[in-house]
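Given the coordinates of chain A, assemble chain B onto it according to the supplied hints.
Below, each chain spelled out in residue letters.
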Amino acid sequence: MSARGDVRTYSGFRAMTLLCLVVLYSPLIIVTIYSFNASRSITVWEGLSLQWYADVFWGPESGKFKQAAVNSFSIALIAATMSTAIATSAATGIVRGGRFRLRTASLGLISLPLMVPEIVTAVATLIFFNFIGFTRGYLTILVAHIAFCIPFAYLPIQARMQGIEDTFEQAAQDLYATKAQAFRRVLLPMMMPGIIAGFLLAFIVSLDDFIITNFVKGAGVETLPTAIFGSVKQGIKPNIMAISTMLLVVSIAMVTISYVVSKKDSST
Amino acid sequence: MPESRNAIDVRNAVKRYGSFTALQSITLSIRDNEFFTLLGPSGCGKTTLLRMIAGFEEVTEGEIFLFGDEIENLPPHQRPVNTVFQNYALFPHMTIEQNVMFGLEMRGSSKEAARRKAGEMLELVQLAQFSARKPSQLSGGQQQRVALARALAPEPKVLLLDEPLSALDLKLRQAMRSELKSIQRETGITFTFVTHDQEEALTMSDRIAVMSAGRLQQLGEARDIYERPVNRFVADFIGETNLLEANVEEVDSTVATCRLANGLTLECDAIGNARPGADVHLSIRPERVTLVGASGDPWQGTVKENVFIGTDVQTVVQLQGGIELTVRTQNSAAGVATIFDPGTEVAVGVEAGAARMLED
Chain A
1 MSARGDVRTY SGFRAMTLLC LVVLYSPLII VTIYSFNASR SITVWEGLSL QWYADVFWGP
61 ESGKFKQAAV NSFSIALIAA TMSTAIATSA ATGIVRGGRF RLRTASLGLI SLPLMVPEIV
121 TAVATLIFFN FIGFTRGYLT ILVAHIAFCI PFAYLPIQAR MQGIEDTFEQ AAQDLYATKA
181 QAFRRVLLPM MMPGIIAGFL LAFIVSLDDF IITNFVKGAG VETLPTAIFG SVKQGIKPNI
241 MAISTMLLVV SIAMVTISYV VSKKDSST
Chain B
1 MPESRNAIDV RNAVKRYGSF TALQSITLSI RDNEFFTLLG PSGCGKTTLL RMIAGFEEVT
61 EGEIFLFGDE IENLPPHQRP VNTVFQNYAL FPHMTIEQNV MFGLEMRGSS KEAARRKAGE
121 MLELVQLAQF SARKPSQLSG GQQQRVALAR ALAPEPKVLL LDEPLSALDL KLRQAMRSEL
181 KSIQRETGIT FTFVTHDQEE ALTMSDRIAV MSAGRLQQLG EARDIYERPV NRFVADFIGE
241 TNLLEANVEE VDSTVATCRL ANGLTLECDA IGNARPGADV HLSIRPERVT LVGASGDPWQ
301 GTVKENVFIG TDVQTVVQLQ GGIELTVRTQ NSAAGVATIF DPGTEVAVGV EAGAARMLED
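Each protein sequence line maps, in turn, to chains A and B.
My numbering puts the first residue of the first sequence at 1, with every later residue one more than the last.
My numbering puts the first residue of the second sequence at 1, with every later residue one more than the last.
To be clear, the hints were calculated from the coordinates, so they are not data collected in a lab.
Here are a few chain B residues that sit away from chain A, every Cβ distance over 12 Å (derived from the structure):
no.	residue
1	S29
2	L260
3	G322
4	G335
Using 30 Å as the maximum straight-line C-alpha spacing, the simulated DSS-like pairs for lysine-lysine come out as follows:
no.	chain 1	residue 1	chain 2	residue 2
5	B	K181	B	K157
6	B	K134	B	K117
7	B	K157	A	K179
8	B	K117	A	K179
9	A	K66	A	K217
10	B	K134	A	K263
11	B	K111	A	K179
Just so it is clear, the structure is predicted and the values come from calculations on it, not from any experiment.
Ideal Cβ placement from N, Cα and C applies to all residues, glycine included.
Bound-form chain A, shown alone (with noise of 0.2 Å):
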């Protein structure tokens, strides 16, 4: 295993490894450990406890918290779908549709989004819900995240899609399926692990908005991360240590479902 041009013979590579390591880990861990803490401080250490649990779910901001994770959850599960149907869609064109003018352009225009600021989003999104009369809420939200979730979904789906040679498709079409049926039995069964992962990665980053839904949310519409702001603006209390914990549960079975996912792909 460790041959001579193995990584772990240079020099430093331990040291450097565990920083990194402790620097994106330790904060995650503390606050992991800390929302079990039985003291209304969130930094002394009383005791192990499940109160903070018990008050995200019964306490008195529990109604405020409640309603913004069915606003997260839904919104997030419907702009991942949305973004994940237009992104496979845009895939199939731009992998699958030839040479056509404006390819390069099309290309760009999606994946544009992921190197605009996301304040210069946010601010944009809003004129245009303003300058179109369209009263800010739910929808609003809802409309700005599958924008925004589009190009996150794209990436996973094209990449997949371009590792698949059009011949399988060809075959399908030679063994008498209609282009229809060829996509449907064939190309799209052969894209489902980046149609997976795109959906995912569209689901924790509608989830875990905060810029663009601040700005275009409503007065009294809230998301699990505006709900958290608008807490932690009023002091750090334990409870939202509580949350942050749920929501990394969430984001490690996400990631765990589209591990999975992968390897069951690369084992057949």
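Here is chain B on its own, set in the frame of chain A:
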């Protein structure tokens, strides 16, 4: 209307990509129940022609008939021909059995009937025990046979094979040649096989179409093409040969006497355009020439080098006037006795009828 007993009739088919012409007016017929091979170097248009028959390439001009029915405007799924792809293109998310059943189901067979037929096909290629596996769990040779079973299962009127053996190693390739040939005989389905490997073409085919630069160069049985190549391209591409420049001295009905640049003369069959004074090329296969010890023979020269190639030894002899002639001697006791060291003076004997006059 072409005769309907031909499996495929290609009439003046042209394929252009923008200003580039990939196929220049190809006309050929593939007979029912034959093993037909399109042979040529890469870029000669053989795969383009196959894909035009399958329906993956549009025909710029001309017609293609399948048992008398015009098909060049039908989409691939409406053409009763199936293809074995070069990279097999087995569907990775389906089992072997599902792969073989795919075409049958798309054609409207019931699941039961499709499963039964798939079983028979996998039996035919000796892979019945692997039906529940995924393609990635099979070796290259096994995947190749699955691709064959999948393409044969819907009983196509013509089976198209696009260099299916090129990814296999030599031993397996040789075994698959005879297996393909016997499956063709067993099923009675017309096979149209594309390859750049002349040995593959010669060993398997009933008839071969040699293509180059988008044109059909020669069409005929294997022996015909090897023994009577019509032009320099075919003579050189199929097997090895000596190409010699010559001038036609006289033509006596069917026999022409040709004079080489060094003054020596050879007799060969006269072809259409041979008339006294014409400059022509002659092809002489190296195995039709023998080495004999030096005598007073005018066909005299010096051994330049010997190359050992296993079954044969190839000797290059420099004749007078700078003409080089390659001679193949079988690596047997009798053959080895006629091999001489480089620098030795020898005479060469060209068998009667060995020289073949070429059209260009």
